[in-house]
Amino acid sequence: MSIFEYNGSAVVAMVGKNCFAIASDRRLGVQLQTVATDFQRVFKIHGKLYLGLSGLATDAQTLYQRLVFKHKLYQLREERDMKPETFASLVSALLYEKRFGPYFCQPIIAGLGEDNEPFICTMDCIGAKELAKDFVVSGTASESLYGACESMYKPNMEPEELFETISQALLSSVDRDCLSGWGGYVLVVTPTEVQERVLKGRMD
Amino acid sequence: MGDSQYSFSLTTFSPSGKLVQIEHALTAVGSGQTSLGIKAANGVVIATEKKLPSILVDETSVQKIQSLTPNIGVVYSGMGPDFRVLVRKSRKQAQQYYRLYKETIPVTQLVRETAAVMQEFTQSGGVRPFGVSLLIAGYDDNGPQLYQVDPSGSYFSWKASAMGKNVSNAKTFLEKRYTEDMELDDAIHTAILTLKEGFEGQISANNIEIGVIRADREFKVLTPAEIKDFLEEVE
Numbered sequence: 001m002s003i004f005e006y007n008g009s010a011v012v013a014m015v016g017k018n019c020f021a022i023a024s025d026r027r028l029g030v031q032l033q034t035v036a037t038d039f040q041r042v043f044k045i046h047g048k049l050y051l052g053l054s055g056l057a058t059d060a061q062t063l064y065q066r067l068v069f070k071h072k073l074y075q076l077r078e079e080r081d082m083k084p085e086t087f088a089s090l091v092s093a094l095l096y097e098k099r100f101g102p103y104f105c106q107p108i109i110a111g112l113g114e115d116n117e118p119f120i121c122t123m124d125c126i127g128a129k130e131l132a133k134d135f136v137v138s139g140t141a142s143e144s145l146y147g148a149c150e151s152m153y154k155p156n157m158e159p160e161e162l163f164e165t166i167s168q169a170l171l172s173s174v175d176r177d178c179l180s181g182w183g184g185y186v187l188v189v190t191p192t193e194v195q196e197r198v199l200k201g202r203m204d
Numbered sequence: 001m002g003d004s005q006y007s008f009s010l011t012t013f014s015p016s017g018k019l020v021q022i023e024h025a026l027t028a029v030g031s032g033q034t035s036l037g038i039k040a041a042n043g044v045v046i047a048t049e050k051k052l053p054s055i056l057v058d059e060t061s062v063q064k065i066q067s068l069t070p071n072i073g074v075v076y077s078g079m080g081p082d083f084r085v086l087v088r089k090s091r092k093q094a095q096q097y098y099r100l101y102k103e104t105i106p107v108t109q110l111v112r113e114t115a116a117v118m119q120e121f122t123q124s125g126g127v128r129p130f131g132v133s134l135l136i137a138g139y140d141d142n143g144p145q146l147y148q149v150d151p152s153g154s155y156f157s158w159k160a161s162a163m164g165k166n167v168s169n170a171k172t173f174l175e176k177r178y179t180e181d182m183e184l185d186d187a188i189h190t191a192i193l194t195l196k197e198g199f200e201g202q203i204s205a206n207n208i209e210i211g212v213i214r215a216d217r218e219f220k221v222l223t224p225a226e227i228k229d230f231l232e233e234v235e
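Each protein sequence line maps, in turn, to chains S and W.
Position 103 of the first sequence, counting from 1, maps to 103 under full-length UniProt numbering, and the rest follow consecutively.
Position 175 of the second sequence, counting from 1, maps to 175 under full-length UniProt numbering, and the rest follow consecutively.
I should point out that these hints are in silico values taken from the structure, not numbers from a laboratory.
Be aware that a few hints might be false.
Cross-link-like lysine-lysine pairs, in silico, DSS-like; alpha carbons within 27 Å at most [said to hold, decoys possible]:
id : chain 1 : residue 1 : chain 2 : residue 2
1  : S       : K133      : W       : K89
2  : S       : K70       : W       : K102
3  : W       : K102      : S       : K129
4  : S       : K98       : W       : K92
5  : W       : K92       : S       : K83
6  : W       : K102      : W       : K220
7  : W       : K102      : S       : K98
8  : W       : K92       : S       : K70
9  : S       : K83       : W       : K18
10 : W       : K89       : S       : K70
11 : S       : K98       : W       : K89
Bound-form chain S, shown alone:
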């Protein structure tokens, strides 16, 4: 079994009209045994920047802690928040530092830029950035997620419709993957507010 499939995970982000949504499953497993059903995979960096980390849970947690550390120092030095593109470059650099002994994570970065333009991107475990205009997926359920997003996604969705779409895409994809699921966690971010919702899907 691959190390990326040890804990099981599903993370997805989508771009809407002046907003973005980022969602993840909630299962933490140790191979086939489910150990937690409230595991956090989506983390806040600052009010308009979120990071989703799929893959090995310990690496996800450590990577998040290192990135928050770097971002806090950046905020103190530069007296401003990091732009999403800048943060993505930082994550990429951090991952490549461990090129020959990598973090087993696939990050998803989602944020609103200076002019509140939504920005999403993903990268592989050694920092190859992939920008997208519509959606990005990662985790053990990524293949199902690709299919679900491709068919359900429309550009310029309003926050409510975006929430519905990303939730349906997430739940239907994790149902096809035994290692992810046990509910969902969805965040929809607009320039003025952030809405967090917990989904109840098939609890298996």
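Dock chain W against chain S, hints included.
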């Protein structure tokens, strides 16, 4: 820096609380050629005298004003070789920032890091402070900026400043002439007039250097032909 035999600092406190080495470094700066900078509403200008030791020196080979990034330039008063070391280090730091963030370094951050290097040399083992004060001019998202960095590593933001031989006269002149809403071309004229104030001999396009950064965020060192035009306007 400093190998094991020199793991003690050469810059130590005197009983009066001064770091004498830094005072001496400032003296070295104070006897260097005059340089100055003026921050205008739409850009920054830095300038310096370029007095060469002999007429046989090829003046085109000497460039006292250097760019650190495409949008940040620097001029100095003091020891040229020390300046070159700092320019090299600062350029590297700017590129390291870019490699990490894929974003050009803000002026304040580069100034901070350069100042940190200068401070290190006042506390590390076996080294002496840099014998230069720098005037760093840049234009970034926070607009035009002008910073002075001293051998101690302290830095200040200025609207207009001068360093080197003629510093007190130059600063008095700048205080009288400076206005908040000055345009860059006025600032260039003022810079030339300030240099002229303490200039020994005849000022010409070949014995001064001027660096300019406008809202286009590209730092340029003016060619002698361009300087000649400004000189003629001033006359």
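Each hint, compared with the structure:
1. S/K133 / W/K89: With a Cα-Cα distance of about 39 Å, the restraint between S/K133 and W/K89 is violated, given a limit of 27 Å.
2. S/K70 / W/K102: It holds: about 15 Å lies between the C-alpha atoms, which stays within 27 Å.
3. W/K102 / S/K129: holds, 12 Å
4. S/K98 / W/K92: Answer holds: S/K98 to W/K92 is near 22 Å, not above 27 Å.
5. W/K92 / S/K83: OK: W/K92 and S/K83 at ~23 Å, within 27 Å.
6. W/K102 / W/K220: Within the cut-off at roughly 23 Å; holds.
7. W/K102 / S/K98: Holds. W/K102 to S/K98 sits at ~19 Å (cutoff 27 Å).
8. W/K92 / S/K70: Given that 27 Å is the threshold and the Cα spacing comes to 20 Å, the pair holds.
9. S/K83 / W/K18: It is violated: about 43 Å lies between the C-alpha atoms, which goes past 27 Å.
10. W/K89 / S/K70: holds, 23 Å
11. S/K98 / W/K89: holds, 26 Å
Taken one by one, the earlier hints fail for this structure at numbers 1, 9, listed in ascending order.
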